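Enquirer: Residues per chain are reported as follows:
Number of protein chains: 2
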Amino acid sequence: MFSFELEYNDNNTKARAGRIKTPHGEIETPIFMPVGTAGAVKALSPEDLNNAGAQIILGNTYHLYLRPGTEVLKHFGSLAAFNSWNKPILTDSGGFQVFSLAELNNITEDGVSFKSHLDGSSLYLNPEKSIEIQEAIGSDIIMSFDECIPYPSDYDYVLNSVDRTTRWAERGKKAKKRDDQALFGIVQGGVYEDLRKRSAKQLTDIGFDGYSIGGLSVGEEISTMYEVCGYTAEFLPKDKPRYLMGVGTPEDILTCIGLGVDMFDCVMPTRNARNGTLFTSNGKFSIKRADLAFSDDKVDENCNCYTCRNFSRGYLRHLYKAGEILALRLNSIHNISYYLSLVKNSRYAIKEGRFKVFQEETLYRLKEGNNKI
Amino acid sequence: MFSFELEYNDNNTKARAGRIKTPHGEIETPIFMPVGTAGAVKALSPEDLNNAGAQIILGNTYHLYLRPGTEVLKHFGSLAAFNSWNKPILTDSGGFQVFSLAELNNITEDGVSFKSHLDGSSLYLNPEKSIEIQEAIGSDIIMSFDECIPYPSDYDYVLNSVDRTTRWAERGKKAKKRDDQALFGIVQGGVYEDLRKRSAKQLTDIGFDGYSIGGLSVGEEISTMYEVCGYTAEFLPKDKPRYLMGVGTPEDILTCIGLGVDMFDCVMPTRNARNGTLFTSNGKFSIKRADLAFSDDKVDENCNCYTCRNFSRGYLRHLYKAGEILALRLNSIHNISYYLSLVKNSRYAIKEGRFKVFQEETLYRLKEGNNKI
Chain C
1 MFSFELEYND
11 NNTKARAGRI
21 KTPHGEIETP
31 IFMPVGTAGA
41 VKALSPEDLN
51 NAGAQIILGN
61 TYHLYLRPGT
71 EVLKHFGSLA
81 AFNSWNKPIL
91 TDSGGFQVFS
101 LAELNNITED
111 GVSFKSHLDG
121 SSLYLNPEKS
131 IEIQEAIGSD
141 IIMSFDECIP
151 YPSDYDYVLN
161 SVDRTTRWAE
171 RGKKAKKRDD
181 QALFGIVQGG
191 VYEDLRKRSA
201 KQLTDIGFDG
211 YSIGGLSVGE
221 EISTMYEVCG
231 YTAEFLPKDK
241 PRYLMGVGTP
251 EDILTCIGLG
261 VDMFDCVMPT
271 RNARNGTLFT
281 SNGKFSIKRA
291 DLAFSDDKVD
301 ENCNCYTCRN
311 FSRGYLRHLY
321 KAGEILALRL
331 NSIHNISYYL
341 SLVKNSRYAI
351 KEGRFKVFQE
361 ETLYRLKEGN
371 NKI
Chain L
1001 MFSFELEYND
1011 NNTKARAGRI
1021 KTPHGEIETP
1031 IFMPVGTAGA
1041 VKALSPEDLN
1051 NAGAQIILGN
1061 TYHLYLRPGT
1071 EVLKHFGSLA
1081 AFNSWNKPIL
1091 TDSGGFQVFS
1101 LAELNNITED
1111 GVSFKSHLDG
1121 SSLYLNPEKS
1131 IEIQEAIGSD
1141 IIMSFDECIP
1151 YPSDYDYVLN
1161 SVDRTTRWAE
1171 RGKKAKKRDD
1181 QALFGIVQGG
1191 VYEDLRKRSA
1201 KQLTDIGFDG
1211 YSIGGLSVGE
1221 EISTMYEVCG
1231 YTAEFLPKDK
1241 PRYLMGVGTP
1251 EDILTCIGLG
1261 VDMFDCVMPT
1271 RNARNGTLFT
1281 SNGKFSIKRA
1291 DLAFSDDKVD
1301 ENCNCYTCRN
1311 FSRGYLRHLY
1321 KAGEILALRL
1331 NSIHNISYYL
1341 SLVKNSRYAI
1351 KEGRFKVFQE
1361 ETLYRLKEGN
1371 NKI
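Sequence order for the protein chains is C and L.
Residue 1 is where the first sequence starts when you use the working numbering, and the numbers rise one by one after that.
Residue 1001 is where the second sequence starts when you use the working numbering, and the numbers rise one by one after that.
A few of these clues could be false.
[Claimed, not checked] If you anchor each label on the Cβ, the simulated ranges turn out as follows:
hint, chain 1, residue 1, chain 2, residue 2, range
1, C, Gly323, L, Ser1122, 43 to 51 Å
2, L, Glu1071, C, Ser286, 19 to 27 Å
3, L, Thr1108, C, Gly53, 31 to 39 Å
4, C, Lys115, L, Glu1103, 41 to 49 Å
[Said to hold, decoys possible] Under the rule of at most 27 Å between Cα atoms (straight-line distance), these lysine-lysine pairs were calculated in the DSSO-like manner:
hint, chain 1, residue 1, chain 2, residue 2
5, C, Lys321, L, Lys1129
6, C, Lys87, L, Lys1087
7, L, Lys1173, L, Lys1238
8, C, Lys238, C, Lys356
9, L, Lys1284, L, Lys1356
10, C, Lys74, L, Lys1321
11, C, Lys115, L, Lys1240
12, C, Lys87, L, Lys1298
13, C, Lys129, L, Lys1321
14, L, Lys1201, L, Lys1238
15, C, Lys351, C, Lys367
16, L, Lys1115, L, Lys1176
17, L, Lys1356, L, Lys1344
18, C, Lys321, L, Lys1074
19, L, Lys1021, L, Lys1238
20, C, Lys238, C, Lys288
21, L, Lys1201, L, Lys1240
22, C, Lys288, L, Lys1298
23, C, Lys288, L, Lys1115
24, L, Lys1288, C, Lys115
25, C, Lys321, L, Lys1087
26, L, Lys1298, C, Lys74
27, L, Lys1288, C, Lys74
28, L, Lys1014, L, Lys1344
29, L, Lys1177, L, Lys1074
30, C, Lys21, C, Lys238
Since the hints were derived computationally from the structure, they do not count as laboratory data.
Computed from a predicted structure; not experimentally measured.
Every residue, glycine too, gets a C-beta built ideally from N, C-alpha and C.
Assemble the whole structure, with the sequences as input and the hints as a guide.
Expert: What follows is the structure in structure tokens.
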């Protein structure tokens, strides 16, 4: 029920365009996945996401496990039935939040005990439990439970962690009961090329429906992130989708598409929207700027989203300054639309054999435009 | 450019159905006007309001004067051009907020000096200034500047205030420059029947395009409010629209339609939505209730709004408990849709000569259903 078809390979970069099929619909790659942490992409409705061109959204297993919980999700049948999103959903494993958000108690070979960041209650996740929760969520693409290590971590720690993450991935694959969900393995290995290679080799030997690149954008230099992403993508099979987790800026996404990544997710477009930062084809700017009070311009002259079709920067600034809830939604609609048009235009460029020029021109405009718009 | 046509009179009550024409479109009465305090109905877009059946929204002169200010509104041409609402807008005079929200400095025969509730800056409003601001806003229906007295107030104070409010209304009418805006006078007089009559007589002698009933729902008993509304409506000419300001619950609106009121506004549906209280044809309930976690029911079995078409009470409860911004919008869409269907169904019932039965049955269901749903 899940498949990935590689449709186009760019001749000048590693960029590729493909098509993922899932029980809830197809996804054209490269794709950006808006993050619906607790079963809703913040400030946006399913209709807003459809109108913005979203093809798949992400749900966070950790958050959904805490609230509403698996009993509620089982009652409703799936997250998609619960939140009325009728296209594919991908869930992470819960690992990243357990290691970054919760208070950790203990990491053992079996799993991780931690405290809920909501009420401090003691909880436990391991590979089998993560799969069980994701099966209750009913997402189309699920992730293996992985250890998310801090940056920087020393070589020996990362080596042990990679091997454990592989053992966890294998246990998750064995625990998986449903055959209508695709399972991805997550490549770890920090910034050590041989450990990334080791992780990729171990996971591909087990065999997964796709491969995620985890543990990046956690504090390392951007150039390091690109370097690690680049060689890790090369270690992965060409006939499976590659998903760079939690990345990133428009520049990051454009660059990593060129390194052979197919899938991205990040809270940046929605979080920045709520903070008043808007992305455009000429870079980003703050809608709070005083000089925008009288601006008749739309947010992005090249955008056709609901926000850009109907509202000026002046009005959006007013809404934001007045603390109107509508500001958060209109900003989010625009930023998500921008991210989705970026990957859609990348796909067109790959298909038409002009991705490198598109990438260079877009990166140039973003660099030149930032803070001058 | 403004007209009011009385189309149907109910035989068993004072209820009436009419049609208001304005430069930005027609309004079928009785009508409820969602409140767009600072140029946006809280949590809702113009598209949401259109989909909910809104025919006219209200803007608050006080809030718009403070932010974005008349210079911005003049730059954009009007509030409608600024906020992309392409149907009629009504503005209040600013009086209510000056007297209830701001720190008052001094009330004189000329006007009122007060401090901004936003930044404490010293400001001044009088009848001429209120009209000037409303002309910058460019609303289709504007209000005379009135004194909003506290409840209770003694007879002599109210008497003097009524006469001053009349003088202010006359000054506003003289100051008005635009002929594409309808000007309403506001009947005051507290809970004193002869003062309500005096105010209505004075204002109708001057002559306005419509008449508002102000100074109700300010702390008096509901039965008193209905009594005062009832006799005040009788003091007003039949061929002009009557607007009961700031009222109220669904029960209030149904009752006051029966007393001959044509227009209503209230923050209740949107404010309650943000507090998690949802209105239905069987009364209201809190979406926070623990027993709703597993509820497959929609909010109101008789509602066809976006929220009710797509989401269960269980999901809405989850969104609210998780602090999701989407909860505020979905709740607001429903409550506004409910209020608008209430006045639309009242209008149908008036047209078809069955308003009294409709009113009684609806009030019965609301009373029986409250907190049992």
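Enquirer: Is the Cα-Cα distance between Lys1356 (chain L) and Lys1344 (chain L) 27 Å or less?
Expert: Answer holds: Lys1356 (chain L) to Lys1344 (chain L) is near 15 Å, not above 27 Å.
Enquirer: Are Lys351 (chain C) and Lys367 (chain C) close enough, with their CA atoms no more than 27 Å apart?
Expert: 25 Å, holds
Enquirer: For the pair supplied as a hint, Lys321 (chain C) and Lys1074 (chain L), is the alpha-carbon distance within the 27 Å limit?
Expert: Judged against 27 Å, a Cα distance of about 19 Å means the pair holds.
Enquirer: Assess, step by step, whether the Cα of Lys238 (chain C) is no farther than 27 Å from the Cα of Lys288 (chain C), and give holds or violated.
Expert: 44 Å, violated
Enquirer: Hinted pair, alpha-carbon criterion (27 Å max): Lys115 (chain C), Lys1240 (chain L). Please report holds or violated.
Expert: Distance of about 65 Å is beyond 27 Å: violated.
Enquirer: Against the 27 Å threshold, does the CA-CA distance of Lys1014 (chain L) and Lys1344 (chain L) hold or violate the hint?
Expert: 17 Å, holds
Enquirer: Tell me if the beta carbons of Glu1071 (chain L) and Ser286 (chain C) are separated by a distance inside 19 to 27 Å.
Expert: Given a distance of about 21 Å, which is inside 19 to 27 Å, the answer is holds.
Enquirer: For the pair supplied as a hint, Lys129 (chain C) and Lys1321 (chain L), confirm whether the alpha-carbon distance does not exceed 27 Å.
Expert: This hinted pair holds, its Cα atoms lying about 24 Å apart.
Enquirer: Is Lys321 (chain C) within 27 Å of Lys1087 (chain L), Cα to Cα?
Expert: It holds: about 25 Å lies between the C-alpha atoms, which stays within 27 Å.
Enquirer: With the threshold set at 27 Å, check whether the alpha-carbon distance from Lys74 (chain C) to Lys1321 (chain L) stays at or below it.
Expert: With a Cα-Cα distance of about 19 Å, the restraint between Lys74 (chain C) and Lys1321 (chain L) holds, given a limit of 27 Å.
Enquirer: Given the proposed pairing of Lys1201 (chain L) with Lys1240 (chain L), does the C-alpha separation stay at or below 27 Å?
Expert: 14 Å, holds
Enquirer: With a cut-off of 27 Å on the C-alpha distance, tell me whether Lys87 (chain C) and Lys1298 (chain L) pass.
Expert: 22 Å, holds
Taken one by one, the earlier hints fail for this structure at numbers 1, 3, 6, 11, 20 and 22, listed in ascending order.
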